[in-house]
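Chemist: Let the sequences and hints guide you as you build the complete structure.
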Amino acid sequence: MISIRELQELIDNRQWKELRQELEKLDPAEIAEIIEELKREGDDIILFRLLPRETAKETFFRLEYDKQEELLEGLADRKHLLAELLNDLAPDDRTALFEELPGPVTQRLIQLLSPEERKISIQLLGYPEDSIGRLMTPDYVAVKPGMTIEQALDHIRQFGKDSETLNVVYVVDKNWKLIDEIRLREILLAKSGQTIEDLMDNRFVALNVLDDQETVISVFHDYDRVALPVINTEGVLLGIVTFDDVMDVEEEEATEDFHKFGSIQDLIFNPARAKVILLYKKRIVWLVILVFMNVFSGAAIAGFEDTIQAMVSLVFFLPLLIDSGGNAGAQSATLMVRALATGDVVIKDWLRLVGKELLVALLLGLTMAVAVSIVASFRAPEIIAVVGLSMICTVLVGSLVGLSLPFIFTLIKQDPATASAPLITSLADISGVLIYFSIATWYLGF
Numbered sequence: 000m001i002s003i004r005e006l007q008e009l010i011d012n013r014q015w016k017e018l019r020q021e022l023e024k025l026d027p028a029e030i031a032e033i034i035e036e037l038k039r040e041g042d043d044i045i046l047f048r049l050l051p052r053e054t055a056k057e058t059f060f061r062l063e064y065d066k067q068e069e070l071l072e073g074l075a076d077r078k079h080l081l082a083e084l085l086n087d088l089a090p091d092d093r094t095a096l097f098e099e100l101p102g103p104v105t106q107r108l109i110q111l112l113s114p115e116e117r118k119i120s121i122q123l124l125g126y127p128e129d130s131i132g133r134l135m136t137p138d139y140v141a142v143k144p145g146m147t148i149e150q151a152l153d154h155i156r157q158f159g160k161d162s163e164t165l166n167v168v169y170v171v172d173k174n175w176k177l178i179d180e181i182r183l184r185e186i187l188l189a190k191s192g193q194t195i196e197d198l199m200d201n202r203f204v205a206l207n208v209l210d211d212q213e214t215v216i217s218v219f220h221d222y223d224r225v226a227l228p229v230i231n232t233e234g235v236l237l238g239i240v241t242f243d244d245v246m247d248v249e250e251e252e253a254t255e256d257f258h259k260f261g262s263i264q265d266l267i268f269n270p271a272r273a274k275v276i277l278l279y280k281k282r283i284v285w286l287v288i289l290v291f292m293n294v295f296s297g298a299a300i301a302g303f304e305d306t307i308q309a310m311v312s313l314v315f316f317l318p319l320l321i322d323s324g325g326n327a328g329a330q331s332a333t334l335m336v337r338a339l340a341t342g343d344v345v346i347k348d349w350l351r352l353v354g355k356e357l358l359v360a361l362l363l364g365l366t367m368a369v370a371v372s373i374v375a376s377f378r379a380p381e382i383i384a385v386v387g388l389s390m391i392c393t394v395l396v397g398s399l400v401g402l403s404l405p406f407i408f409t410l411i412k413q414d415p416a417t418a419s420a421p422l423i424t425s426l427a428d429i430s431g432v433l434i435y436f437s438i439a440t441w442y443l444g445f
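With numbering that gives the first Met the number 0 as the guide, the letters of the sequence shown map in order to residues 0 to 445.
Since the hints were made in silico from the structure, they are not lab data. Keep in mind that the hints are not guaranteed to be accurate.
Ranges between beta-carbon positions, derived for each pair [said to hold, decoys possible]: (1) K173 / R52: 33 to 41 Å; (2) K78 / V294: 54 to 62 Å; (3) V275 / G444: 48 to 56 Å; (4) V204 / K78: 26 to 34 Å; (5) G159 / E63: 27 to 35 Å; (6) L358 / W175: 52 to 60 Å; (7) E8 / G159: 23 to 31 Å; (8) T214 / G192: 50 to 58 Å.
Under the rule of at most 20 Å between Cα atoms (straight-line distance), these lysine to any residue pairs were calculated in the SDA-like manner [said to hold, decoys possible]: (9) K143 / D172; (10) K118 / K143; (11) K355 / Q330; (12) K355 / D343; (13) K38 / A89; (14) K38 / H79; (15) K143 / E128; (16) K160 / A89.
Even for Gly, the Cβ is constructed at its ideal location relative to N, Cα and C.
Modeler: Have a look at this one:
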């Protein structure tokens, strides 16, 4: 593959023919990778303008949203080219792009669409944000029950070229209400005298257009489908959602959960290209909140000044103990957040999981207590019992906090990933300080 430096030399020397020939050797995925890596302003626009129409469409689809936005701005003076690009995009991909753009920009671009494509985009953008309606595409093939196999195949040949997928054909009545779905192979293998109705079993799985996009992930996993139909409350077929769109949603949801678990607000898709001020804004809020939360740890320590002064060696084990509680809590929370997100665990499982977590945390605490007691036997043998008992208790409490917080956030209709590692660690720190010095005060008789 041609290097970035070689491409830039061709651009500098205005060798457009040679540059176009080099681009013709590459597939759209490789061209998209090159465009993402270009640093000099304007090079990406020049490269993109030299691409054939079909290659440009495929390349544009593979770019990050922010790079797509940059290209749209760079093509603003080429309205004909811009209109062709937008009209050629699949409706669901175009909707995803429009969602990322500022409102005025989206409105301006919608005006470049053909009347038919404009109607589709306005309809898709009219559904609630993060709903399945924003995710679906109206490009599918539907047949009627009374069609013969020959008529159905002729219909598929005529309209199938514009369909997002042809694995499944949908059966609708005269009011366009979905009544069945049939795999294409069943139609191909059917006898010539049969009708579509002969192949129907009236068993199908459909998504509601207003459902949250997260629901589609579990449905696709449960039923192992390439595409699923989308209907309204009356059962009318509106579009389909395909597996590639679900993969995008799953990746976005996983990224969002990771960010929330790190106490980062919203999504940052590409930190390498994000501005410093954006990275700062996304991270500062939770960090400031956690600063004030950690004040309680300091207040707890201040309440045990007499104990600390009488046994200074207690301070040596403080970071070790509270970090252990926070680490155990973060482990529990990670398991629960993921299990809740995938649907493997539901709210009613909490009590059963608490019992299991108590047993696991007790075993973990005992093992870690042995380890810290060995350290204490060299450093401060007089407090072996204190650090050992404290380790067991802090691991137990940290684990229960990590297990319970995701359930609590789910119960109050919040994302369980909000139970972030820094939040759990801060709570574990506060409880760890209180547990450790309370046990020390009681055991040592202060």
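Chemist: Confirm or reject each hint.
Modeler: Now for the hints, and whether the structure bears them out:
1. Range check, K173 to R52: Cβ separation about 38 Å, and the 33 to 41 Å hint holds.
2. In this structure the hint that K78 and V294 lie 54 to 62 Å apart at CB holds, the actual value being about 57 Å.
3. Judged by the Cβ atoms, the range 48 to 56 Å given for V275 and G444 holds: they are separated by roughly 54 Å.
4. A C-beta distance of roughly 42 Å is found between V204 and K78, which places it outside the suggested range of 26 to 34 Å.
5. Between G159 and E63 the C-beta distance comes to about 31 Å, which sits within the given range of 27 to 35 Å.
6. For L358 and W175, the hinted distance range of 52 to 60 Å is satisfied, since their beta carbons lie about 56 Å from each other.
7. The beta-carbon spacing between E8 and G159, approximately 45 Å, falls outside the hinted interval of 23 to 31 Å.
8. Between T214 and G192 the C-beta distance comes to about 41 Å, which lies outside the given range of 50 to 58 Å.
9. At most 20 Å may separate the alpha-carbon atoms for a hinted pair to count; K143 and D172 meet this at roughly 6 Å.
10. A distance of roughly 25 Å separates the Cα atoms of K118 and K143; the hinted pair therefore is violated under the 20 Å criterion.
11. The hinted pair formed by K355 and Q330 meets the criterion: a straight-line CA distance of about 14 Å does not exceed 20 Å.
12. Distance check on the hinted pair: K355 and D343 sit about 16 Å apart at the alpha-carbon level, within 20 Å; holds.
13. Distance check on the hinted pair: K38 and A89 sit about 29 Å apart at the alpha-carbon level, beyond 20 Å; violated.
14. Pair hint K38 plus H79 does not hold up; C-alpha atoms about 26 Å apart against a cutoff of 20 Å.
15. With a C-alpha separation of about 32 Å, the suggested pairing of K143 with E128 is violated against the 20 Å cut-off.
16. Taking the CA atoms of K160 and A89, the gap is near 13 Å; set against the 20 Å cutoff, the hint holds.
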